[in-house]
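There are 2 protein chains.
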Amino acid sequence: MILQLIVGNLTEMKNLKYIIIGAVAGGASTAARLRRLDEQAEIVIFEKGQYISYANCGLPYYIGDIIKDRNKLFVQTASSFALRFNADVRVSTEVTAINPTAKTVTATNLLTGEEYTESYDKLVLSPGASPVRPPLTGIQHEGIFTLRNVADTDFIKAYVAESNARKAVVIGAGFIGLEMAENFHELGLDVSVVEMSNQILAPVDQPIAALAQKHLREKGIQLYLNTAVTGFEKNDGQLKVQLKDRAALDADVVILSIGVKPDTRLAEDAGLQIGQAKGIWVNEYLQTSDPDIYAVGDAIEFPNPISNRPTITFLAGPANKQGRICANNLALGNRQEYKGSINTAIVKLFDLTVGTAGMPVKQLQRENIPYLTATIHGNSHAGYYPGAQLMSIQIAFSPDTGRLLSAQVIGAKGVDKRLDLLSSVIKNNGTIYELTELEHAYAPPFSSAKDPVNMAGFVAENILLERLKVVDYSQLSSMEDDTLLIDVRNPGEVAAGTIEGAVNIPLDEIRSRLQEIPRDKPLLIFCQQGMRGYLAQRILVQNGFSNVSNLSGGYLLWKACQDEEALLASYS
Amino acid sequence: MILQLIVGNLTEMKNLKYIIIGAVAGGASTAARLRRLDEQAEIVIFEKGQYISYANCGLPYYIGDIIKDRNKLFVQTASSFALRFNADVRVSTEVTAINPTAKTVTATNLLTGEEYTESYDKLVLSPGASPVRPPLTGIQHEGIFTLRNVADTDFIKAYVAESNARKAVVIGAGFIGLEMAENFHELGLDVSVVEMSNQILAPVDQPIAALAQKHLREKGIQLYLNTAVTGFEKNDGQLKVQLKDRAALDADVVILSIGVKPDTRLAEDAGLQIGQAKGIWVNEYLQTSDPDIYAVGDAIEFPNPISNRPTITFLAGPANKQGRICANNLALGNRQEYKGSINTAIVKLFDLTVGTAGMPVKQLQRENIPYLTATIHGNSHAGYYPGAQLMSIQIAFSPDTGRLLSAQVIGAKGVDKRLDLLSSVIKNNGTIYELTELEHAYAPPFSSAKDPVNMAGFVAENILLERLKVVDYSQLSSMEDDTLLIDVRNPGEVAAGTIEGAVNIPLDEIRSRLQEIPRDKPLLIFCQQGMRGYLAQRILVQNGFSNVSNLSGGYLLWKACQDEEALLASYS
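In order, the protein sequence lines correspond to chains E and D. Once you know that position 162 of the first sequence is 162 in full-length UniProt numbering, the rest is easy, because the numbers rise by one and skip nothing. Once you know that position 230 of the second sequence is 230 in full-length UniProt numbering, the rest is easy, because the numbers rise by one and skip nothing.
Be careful, since some hints might not be right.
Remember, identical chains collapse to one label, so a pair may be satisfied in a single copy or spanning two.
With a straight-line cut-off of 30 angstroms between C-alpha atoms, the simulated DSBU-like cross-links for lysine-lysine are [stated by the list, open to error]:
no.	residue 1	residue 2
1	K469	K17
2	K17	K413
3	K339	K469
4	K339	K103
5	K413	K68
Derived from the structure by calculation, the hints contain no laboratory data. Bear in mind the structure is a predicted one, so any value in this text is a computation, not a measurement.
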């Protein structure tokens, strides 16, 4: 009797018909995994565009001729995917409506105009997100593009080549905007980036952004921060990007990269629940408010593991992993929980790499989540082995438990390695104490005996246990007026620049020059990177100086932040 | 009253006198941290050699002229360390005895011969380990070296230059031996490596070693595996390395790199407990059997986190971290536990990197720890972005819990990143399920939407949940005789070589050619890397084929193992 029930159930399972809407990251992953779990299922995939499962994240690099062979963009073609996974792949076909009661979808073949309905047992939505195209004057002019898919890419690449474009303006300094800026630069174009906020890369905090901005400027990218685009016009055939309170910029090609919004229309029309963040609501099994409909990718919202607030994650990695989880839950019953994304993201910016995981400080502030930060600079590998490059790591952590809340890394080499490690600790609700214990692989070409990630942990531990009192760049202006700045670097370093008003007492002279240091004033110590300042602070505190702080990130970070602040001020 | 006690206690703490014996990784770390925690303590450091805190792991690269400036080897000099950390640093001074009852050490100034005693409140032993120099005939001949410290390095470098050495023989194919082989090769020497065991790099398993051996041979290193050195002789001024059952090798310079043993003599003489692994026994606070004596570094043994058996770890990373923990416990009271090392180690071998963490399969077998393995090959970053390189990952995990027991990675790029991630999971007693969820940073230059570490987790999960049945290379010979081998690669790939007796049915033809496949025989599927074999297996199993296995690591790994096995066999 029980056996019969099971067999009956299996038989029923094997005949299920799945429809998947959208065949890029999430949809294609779901389909492939479904097939591996269920050889007998019927799987129908609808894709509005011409291509499936393509290398979305590679599109800017194809435009920049870094990826030279267009075929490389296609992980699978519709026909190879259909053959390998025995799936009915219908490209250039748009699903226009879902009828959850009848369990059907209405589809239109975009090539023939034919409209038809298709039934399903289980439906998976993977519609993705679309670039925002604001209603600015003149936005319809030729040469103004958004970049989402292969078709957009082909248009942009052809337009740049055929129009012999010389000047590119990228609007929006997010990850894709900056990748486009770099790739246009690689093509030899003169590139300007216009960003409404006061920094590039919204998901990182200002000190890290300052280091990145400096690098972009050095590479010849014109950055216009705190700058709003008011519209576009064409004069004598020349496209111009009009800016608020600034002169317009000439542009031969414009990329609008100001953000994306989830494609929730189909879901909304079908009466599926849309959540607080305006994404498709799903439960921990990635099931929508209709139990026969699941959803994955850029269109869903999910509680952020740090704030627990619904958040939309626009990243390919999570979408792919969701696809696998979704297929497991469809084929085997709801058994695997998705745990949310900490928004780990990375971008190559010319010779630098910038990465982030977890919740940046600015967002922790908005969410009223208490935090402390630690910033360190460290070598990508042993300093005595050729080619080591300095990187900077900022971490934020809970003042109560030491839980790691975010990490941001910038540098020329080995950034991805440190970010992945830090991301794994954040993901597992780990603490800064774990960072001190990580047993990384050390040989001179790869790291130092203490890795920068260990060092970040050590500094955070010192801060948490109040062995180290730090002041961030942003807190400098609110220091007490009589604070004495002490630069503990060597005179040679000081000669190349210091903070106005600082007195110089090199670290190794501090013990013998204690009598020069006032005991009644707050002291702010700084060195180049932070380490010597810490040592100086330990000496002073243990010699009875009661109010001693160390400048977090040292002169190096201060200078970058200061320079960027001065540039911003000079705009007005 | 309580306050008085605390103040009294603090006062007493501040006057402590610490002696530290050994000033390289562990000892120098301990001293620096001690000073940061206790500005008033008296810190005396004894170092037998001339240098302190030098870049031990960089020595082979200085010999190979990769590190060109000798000064770069010195992280600190004795005088700069003394100044910065207000420590009494006594180099060229050997401690010859410890009197734990009197709490004194006897020291000899090796330059003057002066002997004296010095008292301590707390003593830290960081004596390290010495290279084994076996009692072979002729080992006293000029030109035969071991490499431990700067003095050895200077000798070797000068000898090679002055003797105009052309042929180097490295005895022992461990990490340092192979680094020396590479560096001699960089200098233009003809290099042979002689290794007693049947593989290089004892801490990795044979399949991974096979891939590394292939690369070394391609680079022109002569590998003599399964080969014992029986002695040395000098004929007409030519040094010869005599081998068992093989012709002797001419050598102008010989490096003995067959292992190290902990320097426990001082500890033994002082009556400190020596453990099962013949290292200095310490408790979780790194305290020896005498509560006033702590020990760190290569001379201590500690329970291995996987087997729980006492193990000696000869690695700089753990030594440095132990130094910090030891200082914390000395200065603040025993409060921080050391958790043991999982022996994470990495080595650059010409264009490849090989790394390991946790307990290799061969050792799991010896320790009778149940395990399963998964082997995958994956790209260092997105295949469509230029420069991606294949890497191989082997993981071992518990068949009961999925706990990750070890990881080995080999490849040209990004090996350190994956190893560090895997190491962090092993260190935290994590499982292969965590690998599937790791949220790595993905952009085309850095990874793929599913990172190779994720893929290793997916494959392990499939094995653990019995969705995938794999056969290792080592199990091939014990397959049932009537097993049918099916090569599911494309005919073009098959033409370049396959396994004898295999029939070729390309993956995408399997569904239409099921009738060709016998239902009464065990089937062993293979493809190039393992993925297509898995897909074929899923199709077959769900079509009622009951005994289907997939060759772990695919033809790629099979070929490397097979070639190395044939070479080994050809020796005899």
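Task: Which numbered hints fail - done: 2
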